[in-house]
Amino acid sequence: MTLLQVRGITVNFGGHVALDDVALHADPGLVTALIGPNGAGKTTLFNAICGLLNPSAGTVLLDGRELTRLKPYKRARLGLARTFQRLELWSLLTVRENVQVAAELRAAYGNDGADPRHEVEDIVRRVGLHGKIDHRVDELPTGQARLVEIARALATKPRLLLLDEPASGLDDAETEDLGALLRSLAAEGLAVLLVEHDVQLVMDVSDHVFVLDFGRIIAEGAPNEIRTNEAVLAAYLGSSLEQT
Amino acid sequence: MDDFLGFTITGLATAAILAIGASGLVLTYTTTGVFNFAHGAVGMLGAFTYWQLRFDWNWPAPIAFVVVLFVVAPFVGVVLERVIFRGLQGTTEAVRLVVTVSLLFAMIGLANWVWAPGVSRPDKTFFAGEGFEIGGGVVVQYSELIRISAAVLVAVLLRILLYRTRFGVAMRATVDDRPLAALNGARPDRSAMLAWAIGCSLAMLSGVLFVGTVALDAQVISLLIVNAYAAAMIGRLRSLPLTFLGAVLIGLGSQYWLGYSPQPGEARWANFFGPPIYGAIPVIVLFVVLLVLPAGRLRGHGVARTREFYPMPSWRGSLLFAAIVVGSAAMAIPLLTKADTVTMARLFGTAILALSLVPLVGLAGQVSLCQLSLAGVGGVAMAHLGRGGSPMGLVWAVVFSATVGALIALPALRLSGIYLALATAAFAVFMDRWVWKLDPFGLPFTDSVTISLFGFGSVGVDRLRIFGFDTGGDGKVLWLFETSAEDRQLLLLAATFSLLALLVVWIRRGPFGRRLLAMKDSEAACATVGMNLTGTKLAVFAISAGMAGLGGALIAGIGQSTNPENWQFALGLPIFMLGVVGGLGRVGGALFAGVSLQSLNSMARWPPLNTRFLGMGGTGWYSKFAAASPGFMGVALGRNPNGAVSDIRAGFESIMHSRRALGFFAVAMGGLYVAVLNVEALNGWIFILGTIVALGVGAQIGLREGLARGDIEPEPDRTLEQFGGTALEWVGIDRQVTDSDVALLDEKLGLPAVVASSMGSR
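Protein chains in written order, with numbering that gives the first Met the number 0: chain A, 0 to 243; chain B, 0 to 761.
Accuracy of the hints is not assured; some may be wrong.
As the list claims (entries may be wrong) - Distance ranges between label pairs, derived from CB positions:
1) A:Gly14 / B:Leu156: 27 to 37 Å
2) B:Gly731 / A:Asp171: 45 to 55 Å
3) B:Pro178 / A:Asp121: 39 to 49 Å
4) A:Arg182 / B:Leu406: 44 to 54 Å
What the hints assert, rightly or not - Not close to chain B: a few residues of chain A, all C-beta gaps over 10 Å, as computed:
5) Glu103
6) Glu219
7) Asn223
Said to hold, decoys possible - Which stretches of chain A does chain B cover? Using the computed rule of at least three CB atoms under 8 Å from a CB of chain B, they are:
8) 80-92
9) 149-157
Because the hints were derived from the structure by calculation, they are not lab data.
The structure presented is a predicted model; accordingly, all values stated were derived computationally and were not measured.
A virtual CB, placed ideally from N, CA and C, is assigned to each residue, including glycine.
Work out the full structure: start from the sequences and follow the hints.
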């Protein structure tokens, strides 16, 4: 059963067509990757999915329910969480407080009786930042700050997690840990939609790949199919894919 | 029909002044990105300078006009750009707002210093009384014709300047992308300087055209520009043609309203809705325009990151703070004269109003310039619904002001920064010009209810009786010491401030406080974790307004009566500015605002400060300076967004950590207290001055000891300042990389110095 369905999303910025009739889907238990060169429209698509941007046409469905007219916070409450390519952490707060705000909100609107304080520690430990839990987030290097964003998103107990370049700024070992985290999240039944430039990571963790170029989906399939897809090679990946 | 023609011409002449003022505002905003709240004050200085040259020194009108417009105005513009506005590049919108609001305040203070208020200044318009008839007995004054022609000329010249000249193109490019314009050969600083020169000339032109039509009053003329804000906002701060159209709509609309609305006596509601609303029409338009402006996208991080950080207040420290506040007030009672006790009670009243800004401005990052008007709502509620000192008066004060606060928040749900500041300023001016001025009026369908806010002047307020305790009576408190009614007011205000401060600390420490800080930082991120921004903003506006209303009710009780003059927009500005200077992220910043505002004013009673200075002004030079100084302080703010309280607290902490400093401070304070109690010549203000000196000396002792022990780092890490104020990523783009940059980078990265010398010698 597909969790997220995006149908015919079109976004215009003035005369420029940023997204042109884009369709994709993400399923529970799977890591779905969205790749494409810079400026292809990946972040714009994320913004349209989570409601920070109103598309000119098209629909977004979560579990069969149409989200297109819902405000961003209502979409979040339905189980849609995201991270940002340009970090949007609350730099006036500590790592703990960043995650806590999300957990407390979730406890309030979810009304599931969970104690946010315990959850916060568990989640921060899970992304490997327990040693930094009481640090201010703007003291952290970019890579670790991205992990805080993931932790904050997880604190909302999402069903769908949109990750916008989570590996940028991470070293090799940290990237490997991130890959393992994504696989374990998917194994728990979460639908993960991943935008990432680290081709190795994409090939290692994803179950299904969509390729976006100039605002259009030009290919989709299993990682191995994408690796050999002529159109993708021509448009974007070129030699870097062949090397992997 | 003839009336109609007459109203139209007068309306167009008013519109012309608005259009000129508004176009200057739009010009400087579009070319420099700074919305200049002080634009009207610049115009006011122009009006006064013109009056000085033309009517006091009897210069010929054309010469006075040319000197003001083409010498004084560009000079003021260039000086403002060099000294103030250039430094605002890359600062947050909040800092720009405070600096320009402070500038407005400082200029009003300056004008009142040079041209004492309340003195009659004969003036007249150009060709006063002369005109020509256009049929039907309608006379067009030459002065009206001059105003309308000036507006048309300004429109044409601005169009040519912006679209037909190199300077215009450069100016427009500068605001789009300053570094990019610089890389393409434009000179942004020069364009900005020209924009400010022209902007100030337009401001002063509108100011000069006001001369003879309104009384020369610094505050009145400066705030007339709020009318022009409405026109500028109809042009969405971008379009000059729409701005001119807006000015015409407002000018004509106000004039027709004045002419055709029912007069008192003609209709039941005329006292309420007729001519009294005339002055408020432009601000109503402004508020409505702000309400219907399309919403911007949810705000993420700004490009200019703030350097603010407010550590979590501890319960222990906060309780200690509250206890010290109440304790000091109680201990001060024997030291103070009756007048000083009242002043000190007012000090805490001001501090409560500043405290109401802590959740709103400090935590949530919203802006409000109307706290004093909200306090007025509380004051009026207490006067009418708290008869006999009933605590229900306080409850109603909170309920009414919180409700009004939530209504004002409506534009805030979609707008931020300067638009929000404008909406709240519009509300405050609306209260000043209309609501506070209303004579008693009846309701439409019944004769039995008459609503009277201030009667025909002022209204009495009963002092609070709470739990059987009369804060307006005298006698022993807690069987401990004798108190007068004034002493009890002081204790009431100090205790209320302390309790509200603890409430604010509780908010800051809890989930709601975290949400507010998160919202201040990134609204986009808040929305994506499920936060309802609308509800959160409404709540914080209502809480803040409720606190202000409570403060207003108590302040009204101190004086036992209240009148519209107590709640004027301009009086509220220094509370906001001094709060920001003190640092609105902490409750200490609010106390700083109260202490500094009341001390500044009260010290004028000290004889050495009450002498004439260079013959300026009517009374002592100090009171003039005191009136303007919150403005000066606010203008100087740009460099320290955390406010002064951080520094004071750092000094205090160094005392707490050093035995010698603590010992010195305790002995000094004890000695001072005993001395003031027993020596007639010393009074409470000497005690406060002495406390400040003891704090300063103690902090120095503590700092030295801390440095010697190595507890305190000698130089804080201020990377931005070390790179000469340029953000690291712009070094090499904004300016050339220097050897010292490279050396500094190497040092930060822990690289050996040899790298620095080899790179530096490229």
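The hints, checked one at a time:
1. Remark: the range hint 27 to 37 Å for Gly14 of chain A to Leu156 of chain B is upheld by a beta-carbon distance near 33 Å.
2. Distance hint check: the CB atoms of Gly731 of chain B and Asp171 of chain A are about 30 Å apart, inconsistent with the given range 45 to 55 Å.
3. For Pro178 of chain B and Asp121 of chain A, the Cβ-Cβ distance of about 45 Å falls inside the hinted range of 39 to 49 Å, so the restraint holds.
4. For the hinted restraint 44 to 54 Å between Arg182 of chain A and Leu406 of chain B, the CB-CB distance of approximately 52 Å keeps it satisfied.
5. Non-interface status of Glu103 of chain A relative to chain B is broken: a Cβ of that chain comes within 10 Å, the nearest being about 4 Å off.
6. Annotated as non-interface, Glu219 of chain A keeps its C-beta farther than 10 Å from every C-beta of chain B; the closest such distance is 26 Å.
7. Non-interface status of Asn223 of chain A relative to chain B is upheld: no Cβ of that chain comes within 10 Å, the nearest being about 33 Å off.
8. Chain B is given as covering the segment 80-92 of chain A, and this holds because 11 residues of the stretch bring a CB closer than 8 Å to a CB of that chain, at least three being needed.
9. Three residues within the 8 Å Cβ limit are the bar, and the segment 149-157 of chain A against chain B gives 4, so the coverage statement holds.
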